[in-house]
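Novice: Between the sequences and the hints, there should be enough to build the whole structure, so can you do that?
Number of protein chains: 4
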Amino acid sequence: MNSPAVDPARLAAAAAELIANTRDLAALGWTPATSSNFSLRLDGQTAAITVSGRDKGRLVPEDIMVVDFQGRAVGSDKRPSAETVLHTQLYARLPEVNCVLHTHSLAQTLASKLYAGAGHIRFEEYELIKAFRGQETHEAVLDVPVLANNQHIPTLAAQVDCLLDKKEIWGYLIEGHGLYAWGRDMAEARRHLDAFEFLINCELEMRKLHR
Amino acid sequence: MNSPAVDPARLAAAAAELIANTRDLAALGWTPATSSNFSLRLDGQTAAITVSGRDKGRLVPEDIMVVDFQGRAVGSDKRPSAETVLHTQLYARLPEVNCVLHTHSLAQTLASKLYAGAGHIRFEEYELIKAFRGQETHEAVLDVPVLANNQHIPTLAAQVDCLLDKKEIWGYLIEGHGLYAWGRDMAEARRHLDAFEFLINCELEMRKLHR
Amino acid sequence: MNSPAVDPARLAAAAAELIANTRDLAALGWTPATSSNFSLRLDGQTAAITVSGRDKGRLVPEDIMVVDFQGRAVGSDKRPSAETVLHTQLYARLPEVNCVLHTHSLAQTLASKLYAGAGHIRFEEYELIKAFRGQETHEAVLDVPVLANNQHIPTLAAQVDCLLDKKEIWGYLIEGHGLYAWGRDMAEARRHLDAFEFLINCELEMRKLHR
Amino acid sequence: MNSPAVDPARLAAAAAELIANTRDLAALGWTPATSSNFSLRLDGQTAAITVSGRDKGRLVPEDIMVVDFQGRAVGSDKRPSAETVLHTQLYARLPEVNCVLHTHSLAQTLASKLYAGAGHIRFEEYELIKAFRGQETHEAVLDVPVLANNQHIPTLAAQVDCLLDKKEIWGYLIEGHGLYAWGRDMAEARRHLDAFEFLINCELEMRKLHR
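Protein chains in written order, with my numbering: chain E, 1 to 211; chain B, 1001 to 1211; chain P, 2001 to 2211; chain C, 3001 to 3211.
No lab work stands behind these hints, which were simulated from the structure alone. Predicted, not measured: the structure shown is a model, and the values here were computed from it. Note that CB positions come from ideal geometry on N, CA and C, so glycine has one too. The reader is advised that the hints may include incorrect statements.
[To be verified] Using 30 Å as the maximum straight-line C-alpha spacing, the simulated DSBU-like pairs for lysine-lysine come out as follows:
| # | chain 1 | residue 1 | chain 2 | residue 2 |
| --- | --- | --- | --- | --- |
| 1 | C | K3167 | B | K1208 |
| 2 | P | K2130 | C | K3078 |
| 3 | B | K1130 | B | K1208 |
| 4 | E | K208 | P | K2208 |
| 5 | B | K1208 | E | K208 |
| 6 | E | K130 | B | K1078 |
| 7 | B | K1208 | P | K2208 |
| 8 | C | K3208 | P | K2208 |
| 9 | C | K3130 | E | K78 |
| 10 | P | K2078 | B | K1130 |
| 11 | B | K1167 | B | K1130 |
| 12 | E | K208 | C | K3078 |
| 13 | C | K3167 | C | K3130 |
[Said to hold, decoys possible] Which residues of chain B face chain E? A partial, calculated answer using Cβ under 8 Å:
| # | residue |
| --- | --- |
| 14 | A1027 |
| 15 | P1032 |
| 16 | T1034 |
| 17 | T1109 |
| 18 | L1114 |
| 19 | P1145 |
| 20 | N1149 |
| 21 | H1152 |
| 22 | I1153 |
| 23 | L1204 |
| 24 | K1208 |
| 25 | L1209 |
Specialist: Take a look at the structure:
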């Protein structure tokens, strides 16, 4: 099989953008113990993604690799993370998606465990719901899917495909594991990530306060 | 209709002050997902205000626009945020007010939801009550109004006018939406904002602790 | 009455030390809304203290003034804070004390309200008790006094004098108002302050967790 | 008795690495009130360790000393901390361990008190369990030992030896006192420390949320 060609300038720009944004997210404590990974689409066949197992606050260009949409390394001997396919399935299916962020904050982990049984966490009557693309009013009800954890990534990927068949979503939680959020570019993906984190924290705090 | 004239030096100074202070507030996490907006009075007819939808930690001078006190853009094609009138109604009515800060912290959002039913949140026996202009003793009781959320901003503005008819206040909450705080200058508005945030956190924590 | 003479070099050094340490404490969020004040002994008759009402994250040398041990301004028209005497009574009475820190953190405020009825908050079986001068073992029981708030500062000062008659202490809380902590120098006062803040947070969290 | 020889270049490199990493951990608030200590193995007989009683955010090379594996100072008059032997027993026994980190975060202290009765804290169904060397799946159950506090350090050391006889562990808690975590190098020890802190916080929050 021939590997897709990669534009070096485009890769360098994507690596720089990933490194700078990953450092911000690490500083917030959302990437504990070298967890989490982050990607940007390069073109119709490839994406740049962080190599797993690195301290996300100190990435260098060598910590960014290229993968195709089957999650295989392109032009590199590095082994992509098993979770790579959860990024690339979004690029393969959704042409408008150009950035995927997977984080692992305390609140995301807690919510993923508390709401895995229900299968979703519901946000209602929050102004910040308008932060998600396509939401024009705070009166909407937003249900964020929560998948049961599973070491078999293709099973998770198949579950995500089912979710995407049903309606437009901008993220989901995996039990005990954190959040996937995405957008048309890094700024939108970060705005979605920020809104998910805020709303999840609201719901957790309301559980503590509302008794 | 003739637009009011704007002094460019005054606008540049206001923009610089807004950008620096907004960056501080973003670093505290009080402006999640590009929410929140901030303004400074320029004169008797206009104010400088942050353009909506920008990352509040990275504003540049182009992200500040001028509006009149009906909330209309002055000398710009940018569309002001729908909430602009909640800033400008204060400038139009209260000549001593020169700065309005609207933030969206976790604690503000939680309190706005928990106390919307009561219509206010009460602070009692806190030394920090003296941080508000006109409060000379911690023995005062301070009731901060909480408005029900409403996508129809003129309705919110009319409710705020009723509140201002009754007594002097330095801020209010909107359900699910955050806080408006103001003062005679940026320093006083930030002192009021800081005191609101602190006292709101106190009340929320006391609910968790006092059972 | 003749004012005591002040050594300008000593005052400049004390001001620099106060400004740097106050900035650290402001960054921790322990001085909300221009609250809190900090002092260093200059000699047997005077101390340098922060002027009240300033943003504690941005002090300049002009924000430090000299007071005598009755809490009166020395060589300045500035009005000392009413709470100045709670600093100077310690310098007047305890020759080994050279630094007093008064902060206003969320945890200090909460604990001061929750434990004012009991009159003290008790710390037991914490290794960090050894951070206080004179404590050699974590097996000690440490009772930190909590005074009822009172706008009449001489009454508070008289209560503190009674506490000091009974035993050696390195700090106390005032209801709704925060903490006073002190030490033989800035490093020791900050170590005591840090330990109080940590232990207070432990007790508050244990209340939430231990049911 | 002859002291072991120390390679000055190796010591200087270890001191620099300890200082930089200790500053990071202090900034996280995990070393309150000059608590905590950190070490790196130098060779088969000695380790470099932080001197006790210093502000961990501001260490200088003179705050790093050399000890042998009985916890005695090498080439220095400084008195090693009583807890030194809890570091060196690991170097003496486990040849692959080259870094030991002892911290004192709020969450570690709380968990050490809440779970001392049970003797361990259990982590189950967390993706982050895979952050520990040798854990390949999140399906594992991880029990972290919690020792009763004891001012007699040799007793604690003997208890740790018993734990190490039973199975491979990468850390333990001491009641009221904090966490010991280690690894093959600084990066691995910090990854383990980070994972312990995250998982402990998860368990504490779940106690508050899950009722």
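Novice: A separate judgement is required for each hint: does it hold in the structure or not?
Specialist: Against the structure, the hints:
no.	hint	in the structure
1	K3167/C <-> K1208/B	40 Å, violated
2	K2130/P <-> K3078/C	20 Å, holds
3	K1130/B <-> K1208/B	25 Å, holds
4	K208/E <-> K2208/P	10 Å, holds
5	K1208/B <-> K208/E	7 Å, holds
6	K130/E <-> K1078/B	20 Å, holds
7	K1208/B <-> K2208/P	7 Å, holds
8	K3208/C <-> K2208/P	7 Å, holds
9	K3130/C <-> K78/E	20 Å, holds
10	K2078/P <-> K1130/B	20 Å, holds
11	K1167/B <-> K1130/B	17 Å, holds
12	K208/E <-> K3078/C	49 Å, violated
13	K3167/C <-> K3130/C	17 Å, holds
14	A1027	10 Å, violated
15	P1032	4 Å, holds
16	T1034	6 Å, holds
17	T1109	6 Å, holds
18	L1114	6 Å, holds
19	P1145	17 Å, violated
20	N1149	6 Å, holds
21	H1152	11 Å, violated
22	I1153	12 Å, violated
23	L1204	6 Å, holds
24	K1208	6 Å, holds
25	L1209	11 Å, violated
When each numbered hint is compared with the structure, violations occur for hints 1, 12, 14, 19, 21, 22 and 25.
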